[in-house]
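Asks: Okay, here's what each chain looks like letter by letter:
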Amino acid sequence: MKIVVQMTLNGLRIDVDEGMTILEAARFYGMNIPTLCYLEGLSPYGACRLCLVEIGMPGQSKLVTSCTYRVEEGLVVRTDSEWVIKRRKMLIELYLATCPSSKVIQDLASKYHVTTVRFTPWHEDCILCGLCVRMCAEQMQGKAIGFAHRGSNRRVTTPFDKESEVCRLCGGCMYVCPACQSRCQGPQEEQPVCNACLNLQQPCLDYFEDKMCFMDPCVACELDANREVKAKRRP
Amino acid sequence: MSKQLTDVEDVLEGAVKKHGLSVVPLLQEIQEHFRYLPEEVLRMLSRKTGIPLIDIYHAATFYNSLSLTPRARHQISVCAGTTCHIRGGGKLIEEIFQLLGIRPGEITSDGEFMLETVNCLGCCAFAPAMVVDGKYYGNLNPGEVREILNALRKKAVS
Ligand code: SF4
Ligand code: SF4
Ligand code: SF4
Ligand code: FES
Ligand code: FES
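Protein sequences appear in the order of chains A and B. Under the numbering used here, read the first sequence as residues 1 to 235, first letter to last. Under the numbering used here, read the second sequence as residues 236 to 393, first letter to last.
Next up, chain A with everything else stripped away, as it sits in the complex (with noise of 0.2 Å):
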């Protein structure tokens, strides 16, 4: 039998299995939450950080990864809290600047109004995400590649970097890869940030300290009302 716990997910009271994490609950909602190294069908993973959500009542409350964390009886989480997305906004900022070339972090970038990069930017092809590692074991039982090596030279690699001897070209690794799929207009090294499709950001953040709705994309409630509000927080 199922064990269903009761829940709040942005002010709203849910009953979600058991089991479930946070990450998981929250898209059953279709309340939206970014994740860089998260894959229906994978293992969670934990890593990129970027599907942090706030969890606890405000005053005692702590950023966890949602797709790790799973849901338990009275849990409060905010998925799109002022603090949520500080911190997501600097996180696409670094992904930015580690890999300006991939076009899952550029729509990133532009979803959630990051439009500078204060970092060099050092252009890897990887960030390490492990999609493909975990695509390659757990959906093609392929375990033809890995993690090898350890600190700043951490990479995925076959072993002793020579073709794969069990590797069926399946092309799934490639497939589920963040880093691969270059951004439309190529990768523009000395503009590290492309923001050809910068989404509108959410004024009412600054009021209520949480995202009031879950538009997608933010319509940015383009009321002179909410400007003032904006001014007057913001001198």
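Everything hinted at is true.
Cβ-Cβ distance ranges computed for the label pairs, FRET-style:
no. : chain 1 : residue 1 : chain 2 : residue 2 : range
1   : A       : E209      : B       : L256      : 46 to 54 Å
2   : A       : K2        : B       : D245      : 52 to 60 Å
3   : A       : G59       : B       : V259      : 41 to 49 Å
Which stretches of chain A does chain B cover? Using the computed rule of at least three CB atoms under 8 Å from a CB of chain B, they are:
no. : stretch
4   : 138–145
5   : 148–155
Everything labelled a hint here was simulated from the structure, so no lab data went into it. The beta-carbon is built from N, C-alpha and C at its ideal position, and this holds for glycine as well.
Fit chain B with the ligands to the given chain A structure using the hints.
Replies: Chain B with the ligands in isolation, oriented as in the chain A frame:
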């Protein structure tokens, strides 16, 4: 099957009997026998145990104590930092070359000694300095280097 290959089989057989499918102990045992982890032996290990080669490779590259390239029995690191250089570190390296015939980065043909240089061992007060098998020696002159290495050589022979 050649004699050598049978030996490898024996080593693997013994290692698996002892450690089952625990990758790290298996690799440690293999390294003890070969002084490093030869690629071909790791491939055989994978075929024998069914442990995916990538998992073996992951462990082999992760731990500093495991090496995929041949290692010598004795590791000599001579400091080539500024202080040691000024106070005669180069003479130590020359002495080692006279004695063992190896330059930094090289291994003696018997696999006994490997020489490398490092940039400052962090004990400039005792310059020139070197580390042999983890043991620090300072205020060295070439004669002392000769003594230290000769002592190790004698041990190896006996
Ligand atoms: S192409 Fe090869 S490495 Fe990639 S998922 Fe398929 S089997 Fe694994
Ligand atoms: S190659 Fe791609 S999928 Fe694999 S770890 Fe790197 S970024 Fe992730
Ligand atoms: S549409 Fe309005 S309320 Fe909804 S997130 Fe955007 S600014 Fe906030
Ligand atoms: S998606 Fe949760 S840490 Fe990457
Ligand atoms: S320079 Fe040799 S120990 Fe510092």
